[in-house]
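Trainee: Use the sequences and the hints to build the structure in full.
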Amino acid sequence: MTAAPILSITDVHKSYGTYPALKGVSLDVRQGEFIALVGPSGCGKTTLLKQVAGFEDTTSGTIRIEGEDMAGVPAALRPTSMVFQKLALFPHMTVAQNIGFPLKLRKVAPNVIATRVDDMIRLMELKPEYLKRYPKALSGGEQQRVALARSMISSPKLLLLDEPLSALDVKLKKVLQAELKRLHRSVGVTFVHVTHDLEEAMMLADRICVMRAGKILQLGEPADIYYRPADPFVAGFIGETNLMPITVTACSGAQVSYGSDEIVDAQGSLPASLVAGDVGQGPALMNVRPELIRRCDKDADVDCKLPATVTEVFTKGGTVQYRARSTQGLELAIEIQGTSHLPMQLGEDVWLGWAKKDIWVLKPGEA
Amino acid sequence: MDMEVSRSWRDPELWVKALPSVVLQTTCFLAPLVMTFILTFQKTQNFQLNWTWSLATWTDVFTKPHYWTILGHTLFMAVACVVVCIIIAFPIAYGLATRFKRLDNEIKVLITFAFITDATLKTFGWVLFLDKKGAANYLLAHLGFPAETVAFLFTDWATLLGMVYNLLPFAIFTIYLSIDNIDRSLILAAYDAGASKFRAFWEVTLPLSRPGIWAGSVLIFLLGVGVFLEPKVLGGGKSPMSAELIRQTFETRVNWPLGAALTLVLMVVAIFVVLLFSRVAGMRRAGA
Numbered sequence: 001m002t003a004a005p006i007l008s009i010t011d012v013h014k015s016y017g018t019y020p021a022l023k024g025v026s027l028d029v030r031q032g033e034f035i036a037l038v039g040p041s042g043c044g045k046t047t048l049l050k051q052v053a054g055f056e057d058t059t060s061g062t063i064r065i066e067g068e069d070m071a072g073v074p075a076a077l078r079p080t081s082m083v084f085q086k087l088a089l090f091p092h093m094t095v096a097q098n099i100g101f102p103l104k105l106r107k108v109a110p111n112v113i114a115t116r117v118d119d120m121i122r123l124m125e126l127k128p129e130y131l132k133r134y135p136k137a138l139s140g141g142e143q144q145r146v147a148l149a150r151s152m153i154s155s156p157k158l159l160l161l162d163e164p165l166s167a168l169d170v171k172l173k174k175v176l177q178a179e180l181k182r183l184h185r186s187v188g189v190t191f192v193h194v195t196h197d198l199e200e201a202m203m204l205a206d207r208i209c210v211m212r213a214g215k216i217l218q219l220g221e222p223a224d225i226y227y228r229p230a231d232p233f234v235a236g237f238i239g240e241t242n243l244m245p246i247t248v249t250a251c252s253g254a255q256v257s258y259g260s261d262e263i264v265d266a267q268g269s270l271p272a273s274l275v276a277g278d279v280g281q282g283p284a285l286m287n288v289r290p291e292l293i294r295r296c297d298k299d300a301d302v303d304c305k306l307p308a309t310v311t312e313v314f315t316k317g318g319t320v321q322y323r324a325r326s327t328q329g330l331e332l333a334i335e336i337q338g339t340s341h342l343p344m345q346l347g348e349d350v351w352l353g354w355a356k357k358d359i360w361v362l363k364p365g366e367a
Numbered sequence: 001m002d003m004e005v006s007r008s009w010r011d012p013e014l015w016v017k018a019l020p021s022v023v024l025q026t027t028c029f030l031a032p033l034v035m036t037f038i039l040t041f042q043k044t045q046n047f048q049l050n051w052t053w054s055l056a057t058w059t060d061v062f063t064k065p066h067y068w069t070i071l072g073h074t075l076f077m078a079v080a081c082v083v084v085c086i087i088i089a090f091p092i093a094y095g096l097a098t099r100f101k102r103l104d105n106e107i108k109v110l111i112t113f114a115f116i117t118d119a120t121l122k123t124f125g126w127v128l129f130l131d132k133k134g135a136a137n138y139l140l141a142h143l144g145f146p147a148e149t150v151a152f153l154f155t156d157w158a159t160l161l162g163m164v165y166n167l168l169p170f171a172i173f174t175i176y177l178s179i180d181n182i183d184r185s186l187i188l189a190a191y192d193a194g195a196s197k198f199r200a201f202w203e204v205t206l207p208l209s210r211p212g213i214w215a216g217s218v219l220i221f222l223l224g225v226g227v228f229l230e231p232k233v234l235g236g237g238k239s240p241m242s243a244e245l246i247r248q249t250f251e252t253r254v255n256w257p258l259g260a261a262l263t264l265v266l267m268v269v270a271i272f273v274v275l276l277f278s279r280v281a282g283m284r285r286a287g288a
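Sequence order for the protein chains is A and B.
Take the first sequence: its position 37, counted from the start at 1, is 37 in this note's numbering, and no numbers get skipped.
Take the second sequence: its position 139, counted from the start at 1, is 139 in this note's numbering, and no numbers get skipped.
If you are wondering where the hints come from, they were derived from the structure by calculation, not from laboratory data.
The structure presented is a predicted model; accordingly, all values stated were derived computationally and were not measured.
All C-beta atoms in this analysis are idealised placements derived from N, C-alpha and C, irrespective of residue type, glycine included.
Mixed in with the good hints there might be a few duds.
[Unchecked claim] Sample of chain A residues facing chain B (criterion: CB under 10 Å; computed from the structure):
1) Arg30
2) Met93
3) Pro102
Mentor: Here it is in structure tokens:
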């Protein structure tokens, strides 16, 4: 890493009474980065955000923003700004007063505030006539923009987003996701975005941090997390996947030999780059994403294949999802580009194949 | 909402549904009110109601300053009671809603108890406490204070004390509910925007608890205007308030038309004051 991280979290623990919500979290966020914290409810992602915002004291560990230790610094004095899950717009203030509130607290002159508010509503593409209205009179998406404008007006170094899009309907969510991405690119502020929506995290973030039970399981770029998950939990959490049991028979420096009763032509070997670092000899899991599996002929020239019966068909519009069961009872998910006619029929016996380069081998663990 | 608005008065279903309410309101509220109004235009002779139309009662009401002095005193006491109650209730309600959140249910039960305990009992309790030879003076004398330090029983101060004591739960309850309703993330948002604790309170908590303060004020004002127990028991009946005057007029003087007229005057003035204040409060909100 070249430049010093804007946010540096080192071994942060947080307990509520005896319940440990964070168990030693360390994370460096680079200047201008868009980072997404994802994980199931109760994984500690929102707790971590609250520690960074300064709403709660950490039990132990340090949080530094631009190298400065934030211990004992109240939320009001931190260079962070939060967009709340429930937006938290002040109902007794107009849109203009809401957006200008952080500047009013900093004793900025009213005419300067008015100019900055105008800048913000232009940036957020809000209509100027909304300024005199109360938040209640605005639609959900407009309120979202007002909340973002209020958070951005004081030029924070870090924008913290606590699942702000979770309450919106799918269509509006898509619009605002695009908006967030545009905003991030145009203002260059570092975004830390908490979400349980994986698709959203993949779409928006430069890096994704997957959390579970108060710990970070994996931190990496979306493609990394998606195609090279650290463990079966991450693999299953980030989208649908197929985890097929295999046995690693030999590990040498650059090659891993494996075998499986199920998979035809599986007595092969893999380069070490397709294997998670901690896999040793013995049982392992072969991870293949549903969209990388294709229908093939019995004697087609593919690296791996197995026979199966189609048990379920889900037409999703752009794609078609299948469930298939192999002869030995292995459940598989397959996703194929949608066409006007279905490439596989319910109950059909088929061969499914995939390329070796699409394999990722994992150590078995809690899924 | 839209469906409600588009409903026509000619819709027979609406009438059927409204019927129970209409009957109840008419028989229990509107009819007595109309009877009271009619009563004020009748005469009395030898403590007997005489059903002849006359304006004598109203002439009496509008020419004798005595009634208006008592009314003014009543309004003053009620407003003073509102002010004192709100000043005392706000910090209590704020503390209950923010610091003692864990005891939420217990607190609500206690406040309910305060409502259902008989006011007469509590008021007489104060007499025993404040009396020249009462508990307060006894304790203070033992602490070295001169005899009869507490000597405001049977004054307006004692009346006000009793009113505040009996009506305080209304203010605590309404303000507690409104503060309790404030979304915690609004306070966090204020801190996040850079507000100190005091500033967050001033800019967010206080304005958002205004509905509770307002509701409590109206309740206490209307109840305060109608008190008769406290001025009689704690005030010693020396400076009666409107409710006591009305009671005397009906019971002691047996002048029903005059009693009815005084009742209507009190009602109209009280409603007028509430409307005036709500107008001022409403304008402040619109202007804010």
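Trainee: If a hint holds in the structure, say so; if it doesn't, say that too.
Mentor: The hints, checked one at a time:
no., hint, verdict
1, Arg30, "violated (23 Å)"
2, Met93, "holds (8 Å)"
3, Pro102, "holds (4 Å)"
Checked against the numbered hints given earlier, this structure breaks only hint 1.
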